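Once you've looked at the hints, dock chains B, C and D against the given chain A.
There are 4 protein chains.
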Amino acid sequence: MGMNGVLRPGHAQIRVLDLEEGIHHYGKVLGLLETGRDKQGRVYFKAWDERDHNSVVLRQADRAGLDHFAFKVANKATLEKLDSDLRAYGVPTERIPAGEMLETGERVRFQIPSGHIFELYAEKKDVGNGMPYVNPEAWVPAAEHGIAPIRMDHCLLYGPDIEKVQKLLEEVLGFYVTEHVVLEDGKTDLAIFLSTSIKAHDIAFVRHPEPGKLHHISFLLDSWEKVLRAADLMSMARVSIDIGPTRHGITRGETIYAFDPSGNRFETFAGGYQTYPDCQPIKWTIDQVGPAIFYHDRKLNEAFLSVVT
Amino acid sequence: MGMNGVLRPGHAQIRVLDLEEGIHHYGKVLGLLETGRDKQGRVYFKAWDERDHNSVVLRQADRAGLDHFAFKVANKATLEKLDSDLRAYGVPTERIPAGEMLETGERVRFQIPSGHIFELYAEKKDVGNGMPYVNPEAWVPAAEHGIAPIRMDHCLLYGPDIEKVQKLLEEVLGFYVTEHVVLEDGKTDLAIFLSTSIKAHDIAFVRHPEPGKLHHISFLLDSWEKVLRAADLMSMARVSIDIGPTRHGITRGETIYAFDPSGNRFETFAGGYQTYPDCQPIKWTIDQVGPAIFYHDRKLNEAFLSVVT
Amino acid sequence: MGMNGVLRPGHAQIRVLDLEEGIHHYGKVLGLLETGRDKQGRVYFKAWDERDHNSVVLRQADRAGLDHFAFKVANKATLEKLDSDLRAYGVPTERIPAGEMLETGERVRFQIPSGHIFELYAEKKDVGNGMPYVNPEAWVPAAEHGIAPIRMDHCLLYGPDIEKVQKLLEEVLGFYVTEHVVLEDGKTDLAIFLSTSIKAHDIAFVRHPEPGKLHHISFLLDSWEKVLRAADLMSMARVSIDIGPTRHGITRGETIYAFDPSGNRFETFAGGYQTYPDCQPIKWTIDQVGPAIFYHDRKLNEAFLSVVT
Amino acid sequence: MGMNGVLRPGHAQIRVLDLEEGIHHYGKVLGLLETGRDKQGRVYFKAWDERDHNSVVLRQADRAGLDHFAFKVANKATLEKLDSDLRAYGVPTERIPAGEMLETGERVRFQIPSGHIFELYAEKKDVGNGMPYVNPEAWVPAAEHGIAPIRMDHCLLYGPDIEKVQKLLEEVLGFYVTEHVVLEDGKTDLAIFLSTSIKAHDIAFVRHPEPGKLHHISFLLDSWEKVLRAADLMSMARVSIDIGPTRHGITRGETIYAFDPSGNRFETFAGGYQTYPDCQPIKWTIDQVGPAIFYHDRKLNEAFLSVVT
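Residue numbers (the numbering used here), protein chains in the order written: chain A, 3 to 311; chain B, 3 to 311; chain C, 3 to 311; chain D, 3 to 311.
It is possible that some hints are incorrect.
In silico SDA-like pairs for lysine to any residue, Cα to Cα no more than 25 Å straight-line [unchecked claim]:
1. B:K169 with B:G214
2. D:K215 with D:P143
3. B:K301 with B:D191
4. D:K166 with D:P115
5. A:K215 with A:G265
6. D:K169 with C:T80
7. A:K78 with B:P283
8. C:K285 with D:P134
9. D:K127 with C:R254
10. C:K41 with C:D69
11. C:K301 with D:N137
12. C:K30 with A:V142
13. C:K301 with B:M238
14. D:K30 with D:P143
15. C:K169 with D:F306
16. D:K169 with D:P143
Stretches of chain D that chain A covers, calculated by requiring three or more beta carbons in the stretch to come under 8 Å of a beta carbon on chain A [as the list claims (entries may be wrong)]:
17. 230 to 241
18. 244 to 250
19. 293 to 307
One-sided excerpt, in silico: chain D residues whose CB lies under 10 Å from chain A [what the hints assert, rightly or not]:
20. S225
21. W226
22. E227
23. E256
24. I258
No wet-lab data here; the hints were simulated from the structure. Because the structure is a prediction, the values reported are computed rather than measured. Every residue gets a Cβ at the ideal spot worked out from N, C-alpha and C, and that includes glycine.
Here chain A stands alone, though its shape is the one from the complex:
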């Protein structure tokens, strides 16, 4: 929750090449709960401990990637204000009517300079986390069905003009930079990590010539032991692991990168520090990008650099 009223990453609409494979992956292997299918054929999922109706939406398409990434805002007044602020800033916005997505209110859609489609919305139906709001238990069996992340947490996007993205997110939406990687010139950022809360990142960008590309969607786990469990389950399901379990230097998170059947990278991670807008951003120089990304190996692997969808 930022001071401008942007609460959190709310949902990601992901393109998959084969819907059945996608449903199997996100539902059985990753262990998200399917919450609905719409007339367009989209399939909706939520993580077990999320209370809103959906956080991942799969759409079958000819090429993999991310349709849009949406943030929930505090309420309708905030939605109106941010829409107005965006337009005042020079960003055209579009209204997607309530109900276009299942159990989701009106959305404000706009394109950011890196070419990605963002959305804001204020309403999504509270379907609960499987526990009552009175005298709940600590967790439910769904917390162990598949990898079973707690929530869809953030994404890393590839595209151009990330300094313009940063300015927009800071000045209009109230994000702040937590860490960044600087190129050889000592000035230009290769990568930026931004928060609208006390999370080390709610979203991140890497400079890339092609616009609108997805590096990964990330899902939060409870602990480093759950990261091991996730890696085990990926092996059992023959999921292609990119790297991990390992630690990031940036955010200090404990992580696995892997690929869904369509080639979209996803992350399951735990840990990472909490931060605040008064905290000085952490800078990584390009010669240390190895440990910045993969703290143990201290070097990037080929897939990390080349594969985006």
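Same frame as chain A, now just chains B, C and D:
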């Protein structure tokens, strides 16, 4: 960080009966880093991963307890606005000049209806977490000196009129309730847990006839394994453990309660869920206060109920 | 596996007051796998990662407790030799024919000086751990059904004449003492912990006037995080927890003690050191029996001392 | 401890190219405790929780590798018997007098068919684990100095004629095979893992044309969280990591492979199952050697296959 600009619990000034014992406990056993002593004889500490100069201040006194609990706000303009808002709400405020506490800016002091002294401030010197802001490592040896919490996280206070406290914190300071325990009448809260961020609690209150009492100051650990390590170190140091390791029903945190040499209770904990202001509060009925507090034993112990300072 | 050919605790036959409650507890809550029922009405279970047909056998009876505790030995020749050695030592033995217990070979039964019935056997059918012996995965879903211990690990028995028990176990069966608690006289043992392997204990005894009593049967978990999970599941199932999660001073294991519906105490634990017969035993003096048993609280609780079945 | 009286891997004498670098690595980074230096210039180390005087001995030499690997046996009578058994089996033995290694009794030295030098000994001075044998604490600060393994655990050796090695270890020394990897012919083993205890391996061999080569010496950690800590410390010390943190399919252990400054590979690991001689060995077919070795990646890396010292 709340939408009203209250960032986080910033520091707690704790009264100890014997300063040397207190310094040993908070410095060597708990493993906070001593950052200074002032002319009044107060001793300042910070947790290793905190960047601001201090979060725990010890003052020798005839009786144990909490002098005041302070929140850092986003900036000086926020401090002025909140001071003005408090006075407009009918809460008298006092200004404590910059420098009265080491490396700390001007503070706005006020009493809340439960009898506790709260403070707001915008400035405290960034002394870092022992790692550079350029190309840091993942952690430093101080992360293993003593129990070594990551930060001072929250406190639980006992006093009267907690419904008035809740109203003040919600309406002026921007907190929101995450969980509460309701008495037999189904209306009156025995306990309230409030957040000014996405933490399950930044502060909590239990209804109690005597004003201004401290139940515990809480310190965050990285993991359940660090909770075990903390319990081991407490045993080695002959710290009196109240309860734990165990889990709370409320917040789901993994916890130990124990006592400093002056009888002030402190908590070391890990885990707990993250939440947002759009999340419906969780309610506990009084017949389930056992599992609400101690999820495994499902009943309260005598010390938990009776000992406050 | 001891040098005399005693491999490990093989099975415990436990008396329960209500068979259905017992089946629910050991099968659904503890998460053992039911492997059969015999004509006598006994119900057989194994832990998921055990390969032999059974390790826990429930028998309905009027009072709770332990019928007998059995050790698997290396082979039939070892069984014959140990039987002969026992008789030469002056211990009468009895042969229980193969098949009296499901999938279990001939057993040699004898009473030890503390009044407990012990058995040795060489054969129990290998039913596997749910994974093939060629190219297995790392674990199976059964590893997460209920508390799901890895194996039945050891027991703690209460009775008289434990110095005679120790002598018998050392001289005939090849056990060795790893730790012991000495009474005020500095000579007499209150408790002895013995191993027939590199485990810190395969069995333990506490001096007690009444013969043949059971303190607890213990089940091994993978990690301290699984101990937390076990405590959570016990709370969800309203299992009565005696103490824990905590650590033992003796063996250093991480533990929970709790009760089955018939009042038989069971333990779920992880960790503990490994040891060898050349290692000097660790001695605890009676004034330190608190941290010896419960390392964090450093004192015994009432139930630990008084409840045996 | 095997039924033939071979207790455990006792010490490994390792050749390093630069003694000071080796001392820094094994002492400061790995965190073994230096226990002495002898007239030959060898430097002795033990892991914090080992009680015997040494388990790793460094010798400066022109090429890296393993001088010899030694097992402690139950007592002097066992040493004499095993020496006699070895000679009866056709293996020439040599006696190394007591005192040739610091605090170590007489050793029986012999070469195994893979070209490696093995030793047996019955005596090594008990210097303790830093805790008293009366009323100890759960651990000592040395448990957190550097990576701080619990013990030197096993080694993996490369050489020819591993079926002859297996036969010798089984028939004379009492080892048993726990797992093996079979080549395309379905008969010839590529790799064998053997235990003389209930550990999933006390030693392992991979078939390799060049005799007497070392793949890695392995050190045991307490938990998967300690494996993460080890990887972090390796990164901080710029240790070259081969692979990990990850899991092995064989033994299920959680592991990191890395290199000492001389290029000798070492492993830090946790977990893995316990087994017994009555357990059917697990077989891996050569097409599944990927998950057998690295369970998550499901393929071997280049370094694993090619680098031995």
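Structure-based check of all given hints:
Restraint check for K169 (chain B) and G214 (chain B): satisfied, since their Cα atoms lie roughly 17 Å apart, inside the 25 Å limit. For the given pair, K215 (chain D) sits about 35 Å from P143 (chain D) by alpha-carbon distance, which is inconsistent with the 25 Å threshold. In summary, the hint linking K301 (chain B) to D191 (chain B) is supported, as the alpha carbons are separated by about 19 Å, within the 25 Å threshold. A threshold of 25 Å between alpha carbons decides the hint, and for K166 (chain D) with P115 (chain D) the separation of about 6 Å falls inside it, so the pair holds.
For the hint linking K215 (chain A) to G265 (chain A), the alpha-carbon distance of about 12 Å falls within 25 Å, and the restraint holds. With a C-alpha separation of about 22 Å, the suggested pair K169 (chain D) and T80 (chain C) falls inside the 25 Å cut-off, and the hint holds. Annotation: proposed proximity of K78 (chain A) to P283 (chain B) holds, straight-line Cα distance about 20 Å (limit 25 Å). About 9 Å separates the Cα atoms of K285 (chain C) and P134 (chain D), which keeps this hinted pair within 25 Å; it holds.
Taken as a hint, the K127 (chain D) and R254 (chain C) pair is honoured in the structure, with Cα atoms around 24 Å apart against an allowance of 25 Å. Our distance criterion of 25 Å between C-alpha atoms is met by K41 (chain C) and D69 (chain C), whose separation comes to about 17 Å. Pair hint K301 (chain C) plus N137 (chain D) holds up; C-alpha atoms about 14 Å apart against a cutoff of 25 Å. A hinted pair counts as satisfied when its Cα atoms are at most 25 Å apart, and K30 (chain C) with V142 (chain A) qualifies at roughly 15 Å.
Annotation: proposed proximity of K301 (chain C) to M238 (chain B) holds, straight-line Cα distance about 14 Å (limit 25 Å). Proximity of K30 (chain D) to P143 (chain D) is assessed by CA-CA distance (about 14 Å); at most 25 Å being required, the pair is judged to hold. The suggested pairing of K169 (chain C) with F306 (chain D) is violated, with an alpha-carbon distance near 50 Å, which exceeds 25 Å. Proposed proximity of K169 (chain D) and P143 (chain D) is contradicted: the alpha carbons are some 43 Å apart, above 25 Å.
Counting residues of the stretch 230 to 241 of chain D whose C-beta lies closer than 8 Å to any C-beta of chain A gives 6; at least three are required, and the coverage claim holds. Check on the stretch 244 to 250 of chain D: 4 of its residues sit with their Cβ under 8 Å from a Cβ of chain A, so the three-residue criterion for coverage holds. With 5 residues bearing a CB less than 8 Å from a CB of chain A, the stretch 293 to 307 of chain D meets the requirement of three and the coverage assertion stands. The interface hint given for S225 (chain D) is met, as the beta carbon of that residue sits about 9 Å from the closest beta carbon of chain A, less than 10 Å.
The beta carbon of W226 (chain D) comes within 6 Å of a beta carbon in chain A, closer than 10 Å, and the hint placing it at the interface holds. The criterion of a C-beta within 10 Å of any C-beta in chain A is met by E227 (chain D), whose closest approach is roughly 6 Å, and the hint holds. The closest approach between the C-beta of E256 (chain D) and any C-beta of chain A is roughly 7 Å, which is under the 10 Å cut-off, so the hint is satisfied. Given hint, I258 (chain D) at the interface with chain A, holds; its Cβ is 8 Å from that chain's nearest Cβ, closer than 10 Å.
In summary, the numbered hints that this structure violates are 2, 15, 16.
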